[in-house]
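Asker: What follows is the residue order along each chain.
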Amino acid sequence: MSILSRFIRLVRDMPAAEARRVAANRLGFVRLVAAACFLAVGARVLILAADVNAEAKFYTPTFEQVIRGNIQDRNGQMMATTLPAFELYANPREILDPYEAAAALSSVLTDMSEEQIFSRLTRKSSYSELAWRLSPKKYADVLRLGIAGIHGRRKLVRVYPNAEAAAHLLGGVDKDGKGIAGIEYSKNEDLAAGKDLTLSIDLNIQAILRQELSAQIDLFEAIGGAGIVQDIETGEIIAMVSLPDFDANHFRHASDNQRFNRAATGVYELGSTFKIFNTAIALESGQFQASDVIDVVSPLRVGRFSIRDYHPEKTPLNVAEVLIVSSNKGSARIADRLGAEMQKEYFEQMGFFKAAPLEIPEIGAPLIPSRWGRAEIMTMSYGHGISVTPVHLTSAVATTVGSGMVISPTLIKRTTPNDFDVQLFSPDTSAQIRAMMRRVVSHPRGTANFADIDGYAVAGKTGTSEKTSGNGYNKKANITSFVSVFPAHDPKYVVFAMIDEPKPQKHSFYYATAGWVAAPVGGRIIERIAPMLGVHPVDENSPEIRRSLMLELPELNKEEEAKHVSF
Amino acid sequence: MIVFSARTSFVLTLITVILGVCVYLVGIQQDIRQKELARLTAEIQSTQDSIMVLQSDWAYLSRPDRILHLSQRLLDLEPLAKHQIIPADKLDSITTPDADTAITEANLIWRIE
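Chains A and B supply the protein sequences, listed in that same order. Quick note on numbering that gives the first Met the number 0: the first sequence kicks off at 0 and runs consecutively. Quick note on numbering that gives the first Met the number 0: the second sequence kicks off at 0 and runs consecutively.
Note that these hints are calculated values from the structure, not bench results. Careful: at least some of the hints might be erroneous.
[As the list claims (entries may be wrong)] Here are the computed distance ranges between Cβ atoms for each label pair:
1) B:Ser70 x A:Gln504: 52 to 62 Å
2) A:Ser541 x B:Leu74: 46 to 56 Å
3) A:Ala192 x B:Phe9: 34 to 44 Å
4) A:His249 x B:Ser70: 21 to 31 Å
5) A:His310 x B:Arg65: 44 to 54 Å
6) A:Val29 x B:Arg6: 18 to 28 Å
7) A:Gly338 x B:Leu76: 32 to 42 Å
8) A:Glu551 x B:Leu74: 31 to 41 Å
9) A:Ile46 x B:Phe9: 18 to 28 Å
Ideal placement from N, C-alpha and C gives every residue a C-beta, glycine not left out.
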């Protein structure tokens, strides 16, 4: 009171005349404040009445949630989309007769038995889930039963119309629609914000790849397989299949084996397909010419290992012939002369030292040796002692036989021109490798004759390797693979096919090597997809194509001539 | 003490009444628009639902393995063979059909059918 009285003098303490004046001033002040408030409210009302847009600030329409973006293939075909559905639940406390209710519900909810429904209806809680995604029609059927205590909640669920096709790439979402695997996981932020996504995948090619691999797996009683089709120029993955696979609509029920992506997650010693890179490095280094002769006859020992060939050779072969007949000894001798540093540098540039930059979380990291001794260099030259994923292999092949630029793979459609800027191999090296790979398929001594599809000038390389088990190799369990490009003189696509643990069959004369298992399926895939990809058949005997694939093969041709003479 | 004259009081009262009417009208209008908005929201939602259902229906019905299966069952067509694809510049090398097998209009229609 004493503090306040120091600032505000009470009117009753003043002389009469001054008191009247002060009181009038104060009243006037109060009136002004009241008028100002009144005018402010009035002005706001006038503004609201005049300005229609101002309404928006007070009422914004809110939908139940943003609809998750669609995922489509490169041609706009839907791969993942969202559908309205209903979550069905019961409040057991409101259920009058659980026996009757369970009996009635079991006629609509066919996934569950009457007993299961009954146990859910008698749970001691006020919420018991009956179905987490029910189609609007089934939900209407449930409502028509008119059971008290059964409730529904509208929700959006993810559906994958193509079921198994590309399931590994798409991944899946949890009950709340959040991505938990594949593209759904890695692009969750964009998709959740309602953005659509266009993949590099072509569903038509994907379907063919899956069909052909699946048929070959059945034919050879194999445990699985993988396949990739990749655009050589852009690095885009056009198709990627891993078998066995699963229905993407039932991601939660898939086994670990089904979910495992053999094409991008699994790392394998891919065997002789690595000879492509060894030969390319040899030519690019300038230390070797395609016509240089390599000793593949005398025994080759390094430390306690002995390097042997599947078909022992009787005469020395040149560098090109070493690749065509797939000589381990020849490749090892070449790598030995090139040395560790060079092999290491090229392998690193080709991306073998780190996981492939794909847009899915399930990507396997390569297994490379900790020390690069002589034995390691030599075995790696023919694809042993180094494990990479099939995506690593196809990208490296695209790099080697394409423009020579280092290609990076992608699952997202590339719209802008590529910015690949590392020239690893010269056009001349690439051309020579293409000619050699063409002979692997077309020359009688090549290992992939079953892939020689008339008109598409297929070039490729097979690889058969024993699977590692424990500390050693399992002689009975093979990984057979075939990596190919077509057409050889101007390659557009890389096609990779891998069959995991094929069993020797009577129809294959008890062979289960890549030439018998993986090469034929590679050929069939190319035969079917080439017309769809706009690659037209060519006359392989035309002078231009013959010239671009020219190669000197003195030993192999001599052998062939000798054979014809003896007949 | 300031005392308002009768005229001032009248003007102030008038302003108050006008403002009151304005507030009432704005309120009514807001009600109408909110109802309209709710109707539109529901309509958009049901259209969106239809779009979603039709999109996934189309994707399901046009999936490649189904089309392949149907075409094998119902169409008398085979995949393109190598000899059926000819580059445009090689067209003149095809032998011209003689008079007997010349493509007449009737023949052509039969072929298309």
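Asker: Taking the hints in turn, state whether each one holds.
Answerer: Comparing the hints with the structure gives:
With their beta carbons about 30 Å apart, B:Ser70 and A:Gln504 fall outside the hinted range of 52 to 62 Å. In this structure the hint that A:Ser541 and B:Leu74 lie 46 to 56 Å apart at CB is violated, the actual value being about 34 Å. Between A:Ala192 and B:Phe9 the beta carbons are some 59 Å apart, a value that contradicts the proposed interval 34 to 44 Å. The beta-carbon spacing between A:His249 and B:Ser70, approximately 28 Å, falls within the hinted interval of 21 to 31 Å.
At roughly 45 Å, the beta-carbon separation of A:His310 and B:Arg65 lies within the given 44 to 54 Å, and the hint holds. A beta carbon spacing of about 22 Å between A:Val29 and B:Arg6 agrees with the range 18 to 28 Å that was offered as a hint. Between A:Gly338 and B:Leu76 the beta carbons are some 57 Å apart, a value that contradicts the proposed interval 32 to 42 Å. A C-beta distance of roughly 49 Å is found between A:Glu551 and B:Leu74, which places it outside the suggested range of 31 to 41 Å.
At roughly 25 Å, the beta-carbon separation of A:Ile46 and B:Phe9 lies within the given 18 to 28 Å, and the hint holds.
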